[in-house]
Amino acid sequence: MSIYNDYIQEIEDRKTQGLHPKPIDGAELLSEIIDQIKNVNNFNRADAVNFFIYNTLPGTTGAAGVKAEFLKEIILGGTVVAEITPDFAFELLSHMKGGPSIKVLLDIALADNGDKAHKAANVLKTQVFLYDADTDRLKEAYHSGNDIAREILESYAKAEFFTELPAIAEEIKVVTFIAGIGDISTDLLSPGNQAHSRSDRELHGKCMITPEAQEEIKALQALHPDKSVMLVAEKGTMGVGSSRMSGVNNVALWTGKRSSPYVPFVNIAPIVGGTNGISPIFLTTVDVTGGIGIDLKNWVKKTDEQGNAIRNENDEPILEQVYTVETGTVLTINTRTKKLYNGDQELIDISKALTPQKVEFIKAGGSYAIVFGKKIQTFAAKTLGIEAPLVFAPAKEVSIEGQGLTAVEKIFNRNAVGLTQGKVLHAGSDVRVEVNIVGSQDTTGLMTAQELEAMAATVISPIVDGAYQSGCHTASVWDKKAQANIPKLMKFMNDFGVITARDPKGEYHSMTDVIHKVLNDITIDEWAIIIGGDSHTRMSKGVAFGADSGTVALALATGEASMPIPESVKVTFKGAMKEHMDFRDVVHATQLQMLQQFDGENVFQGRIIEVHIGTLLADQAFTFTDWTAEMKAKASICISQDDTLIQSLEIAKNRIQIMIDKGMDNHNQVLQGLINKANKRIEEIKTGIKPALTPDENAKYYAEVVIDLDLIQEPMIADPDVNNADVSKRYTHDTIRDLTYYGGDKKVDLGFVGSCMVHKDDLKIVSQMLKNIETQTGKVEFKAPLVVAAPTYNIIDELKAEGDWEYLQRYSGFEFSDALPKSNARTEYENIMYLERPGCNLCMGNQEKAAKGDTVMATSTRLFQGRVVEDKDGKKGESLLASTPVVVLSAILGRIPSIEEYKLAVEGINLTKFTPISTKQ
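Per our numbering: the sequence shown = residues 1 to 921.
Where hints are given, some of them may not hold.
As the list claims (entries may be wrong) - Straight-line C-alpha distance at most 27 Å; calculated DSS-like pairs for lysine-lysine:
#1 LYS505 <-> LYS218
#2 LYS173 <-> LYS227
#3 LYS574 <-> LYS746
#4 LYS22 <-> LYS218
#5 LYS875 <-> LYS206
#6 LYS677 <-> LYS779
#7 LYS125 <-> LYS139
#8 LYS779 <-> LYS903
#9 LYS747 <-> LYS875
#10 LYS374 <-> LYS410
#11 LYS297 <-> LYS227
#12 LYS690 <-> LYS700
#13 LYS382 <-> LYS158
#14 LYS116 <-> LYS103
#15 LYS257 <-> LYS22
#16 LYS103 <-> LYS173
#17 LYS488 <-> LYS22
What the hints assert, rightly or not - Each pair of labels, with its calculated beta carbon distance range:
#18 GLU684 <-> ASP479: 45 to 53 Å
#19 GLN214 <-> HIS95: 47 to 55 Å
#20 GLU697 <-> ASP873: 40 to 48 Å
#21 SER817 <-> GLU579: 38 to 46 Å
#22 ASP696 <-> THR420: 16 to 24 Å
#23 ALA703 <-> GLN345: 52 to 60 Å
#24 VAL40 <-> SER144: 40 to 48 Å
#25 GLU697 <-> SER144: 54 to 62 Å
What the hints contain is simulated information worked out from the structure, not anything from laboratory work. All values derive from a computational prediction rather than experimental measurement. All residues carry an ideal CB built from backbone N, CA and C; glycine is no exception.
From just these sequences and the hints, can you work out the full model?
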């Protein structure tokens with residue numbers, strides 16, 4: 001009873017936070033609860049029955065296994081429970097999704113159980129989360145002449161698990177709630193500093209937006225009980241930034257509907273909208289939950305009689321409202337006409353939000369059910385030796401004769417599953433592709449584990465070449481929250497077949513390296529498709545898609561992903577970099593020049609950026625591909641030269657070998673397999689059998705952008721513009737300013753060199769600058785704190801070998817210790833340099849943060865409100881993003897330097913340079 005008593009005490013503790021009992025996932029606790037159910041005189045029996053029925057997680061959790069077996073016992077008459085009849089037991093099994101519940105149903109259905117076998121079969125016909133062990137049993141029984149097995153297979157072949165579902169409503173009434181003006185980041189919906197609670201859905205739901213916003217949503221629901229609340233990003237894009245399933249989960253928790261009466265706090269069908277649409281990653285997550293994401297287009301550029309944009313005094317296009325979506329507006333989504341209405345007034349066509357495939361997701365309660373359902377239908381038809389009837393919407397195929405292929409089109413065609421031989425597809429085609437590399441990060445990993453349990457997956461798909469579970473988001477502070485969550489996560493993933501940053505057995509040194517850097521190293525083929533649980537899954541080899549934890553789970557379980565082939569925008573360069581410029585400045589200038597060339601339209605949004613920077617090694621090129629998340633691109637592809645690609649693969653091999661030497665490879669020898677694949681790829685390039693990936697000359701692009709390096713005269717800074725009178729233009733990453741704009745006197749309270757945006761050369765730049773300044777002034781004195789976090793341990797080892805680390809140690813006032821990691825986040829900083837543990841550090845905002853109201857100059861990726869620094873009364877916190885030399889000098893001076901001060905400080909330093917392969921006039 002001790003575990004049960006502990007659970008009761010936890011329930012009492014949660015009551016003080018306004019929370020319900022935490023859903024049960026442990027076998028031991030549920031076993032105690034079952035013992036109390038069996039004892040009809042037990043004082044706790046009524047509560048125990050309630051916990052068993054309504055508060056136990058499904059899938060492959062330990063509790064689900066115990067629950068399924070007890071329900072089997074009830075069905076077969078081994079136990080009688082007044083509250084759970086055999087028929088009700090079947091109903092409960094039908095809501096358990098897969099894993100042990102499927103095993104139990106097959107046990108009953110395939111045995112000589114008469115009426116019970118037929119009832120089990122009827123439940124099985126509604127289930128789709130079957131794996132090889134389950135389908136093998138069905139196949140074997142069918143070939144042995146089992147009529148029940150044949151009946152189930154015939155139902156699967158007809159996809160009755162889908163066709164028998166209720167049709168979606170023709171009209172869906174919504175009432176609007178403006179969640180914010182301008183872009184709404186997932187940090188608003190699921191704050192990074194609450195990452196530890198993401199797997200506790202009810203608790204995490206309390207952090208969405210603000211308590212006041214939650215009360216407003218509840219008030220709208222009370223006024224409009226027959227309508228769904230639609231969250232709106234007014235004058236902005238919904239769901240920008242991190243790829244957080246928890247963000248959509250929170251929206252669904254507050255505005256969606258329950259997925260099952262027997263599964264607590266798992267809601268589906270959220271409805272969201274944005275003036276400028278929905279971020280691609282966030283929209284994928286909305287699909288996962290069977291929701292709807294609408295590009296509202298309720299504000300447009302105001303034009304004159306000639307159709308030219310009318311501009312304000314800042315030379316910015318003036319927007320005018322087409323229709324209102326102010327909070328409380330009642331709208332109607334018509335799923336038949338695919339239009340949005342206000343009363344009888346048609347507002348906008350929303351057919352992109354209601355494609356045939358998306359309508360299927362809505363009907364099935366999410367995209368997973370469709371993915372698994374199609375696989376089950378194919379299996380059943382093949383087993384029966386029949387042609388599967390056309391049930392699901394046919395995949396859209398776009399094939400244009402005589403048109404060449406972009407790089408992403410080539411990759412998708414090579415990795416496509418079920419593509420007719422000889423068929424070539426172009427952008428817009430719906431494709432199911434094999435996934436080569438998968439990454440899970442540690443603050444979303446527990447949710448990925450939950451998703452894997454929910455879809456009854458127990459082992460990684462053999463299709464996947466390699467998968468990695470990181471420890472970087474919890475690297476800074478090894479506090480009680482991390483100690484409670486991370487070891488459990490690492491064990492689950494290690495058992496699943498994933499290479500893990502931390503060893504559950506404690507035998508190899510913990511590797512808290514930034515996940516994107518590791519994924520970039522273990523990607524050993526530029527034709528690869530990578531799925532990662534973070535928006536900065538943007539490798540400079542292959543094409544990588546940041547994804548929610550559910551899509552990551554699906555890739556791990558099936559080795560596949562489904563999506564349309566995206567359009568591409570080609571980015572090339574001309575001119576030459578100035579001697580005092582760093583490649584980070586080119587990255588920021590790309591965004592600025594693109595917006596200038598296309599009159600403020602972000603042509604990158606939702607598309608692939610095919611960037612031609614082939615003279616840069618993968619480490620350095622990643623600085624560009626990484627930032628494409630801030631450009632709102634769906635993904636990016638780096639076009640590399642043969643020799644450069646070979647060098648990058650050799651570096652990757654060496655780093656993978658280091659992981660092997662540490663003892664990180666598993667029994668499947670995944671890491672050794674990657675080295676073998678890299679050797680094969682290098683040989684293909686050297687012999688000319690298969691040169692580095694390039695697009696066809698006659699490929700078609702949505703747009704082509706040419707960046708003029710000659711125009712980049714000064715360091716470029718991404719500014720959150722926190723005091724812009726137009727609230728929608730704050731925190732967008734689109735405001736790029738040169739150094740001179742700040743006049744050499746804007747105060748800087750803290751500098752940060754770190755995150756996935758930096759590489760080894762950046763750390764060498766820090767070392768060289770400090771030596772330069774000491775030579776010029778006789779000493780190094782910081783007027784603001786400088787936090788330095790190398791992204792990987794490999795970089796530190798290489799810096800030690802090359803002599804740079806000792807200089808960083810010499811100038812530092814703090815150096816991390818693996819033996820004694822920090823147990824509390826730093827809240828105050830001295831004017832010294834801090835050498836922090838490899839990992840995300842300040843960039844993530846879930847552990848370390850700057851002091852409230854600070855002005856931070858950082859090399860990181862995010863400038864959203866509250867991410868790196870929070871506001872305080874009377875002063876907004878702001879995080880400006882710039883190159884390493886700008887950050888270092890700002891910390892030394894305590895202000896943003898002038899261009900003259902900057903040039904002097906970088907004199908003779910090897911900044912990261914880029915020379916275009918060819919110029920395009």
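Outcome of the hint check:
no.: 1; hint: LYS505 <-> LYS218; result: violated, 47 Å
no.: 2; hint: LYS173 <-> LYS227; result: holds, 5 Å
no.: 3; hint: LYS574 <-> LYS746; result: violated, 33 Å
no.: 4; hint: LYS22 <-> LYS218; result: holds, 22 Å
no.: 5; hint: LYS875 <-> LYS206; result: holds, 26 Å
no.: 6; hint: LYS677 <-> LYS779; result: violated, 50 Å
no.: 7; hint: LYS125 <-> LYS139; result: holds, 15 Å
no.: 8; hint: LYS779 <-> LYS903; result: holds, 19 Å
no.: 9; hint: LYS747 <-> LYS875; result: holds, 13 Å
no.: 10; hint: LYS374 <-> LYS410; result: holds, 25 Å
no.: 11; hint: LYS297 <-> LYS227; result: holds, 22 Å
no.: 12; hint: LYS690 <-> LYS700; result: holds, 23 Å
no.: 13; hint: LYS382 <-> LYS158; result: holds, 12 Å
no.: 14; hint: LYS116 <-> LYS103; result: holds, 15 Å
no.: 15; hint: LYS257 <-> LYS22; result: holds, 19 Å
no.: 16; hint: LYS103 <-> LYS173; result: violated, 40 Å
no.: 17; hint: LYS488 <-> LYS22; result: holds, 17 Å
no.: 18; hint: GLU684 <-> ASP479: 45 to 53 Å; result: holds, 47 Å
no.: 19; hint: GLN214 <-> HIS95: 47 to 55 Å; result: violated, 28 Å
no.: 20; hint: GLU697 <-> ASP873: 40 to 48 Å; result: violated, 59 Å
no.: 21; hint: SER817 <-> GLU579: 38 to 46 Å; result: holds, 39 Å
no.: 22; hint: ASP696 <-> THR420: 16 to 24 Å; result: holds, 20 Å
no.: 23; hint: ALA703 <-> GLN345: 52 to 60 Å; result: violated, 34 Å
no.: 24; hint: VAL40 <-> SER144: 40 to 48 Å; result: holds, 42 Å
no.: 25; hint: GLU697 <-> SER144: 54 to 62 Å; result: holds, 58 Å
Checked against the numbered hints given earlier, the structure breaks hints 1, 3, 6, 16, 19, 20 and 23 and satisfies all the rest.
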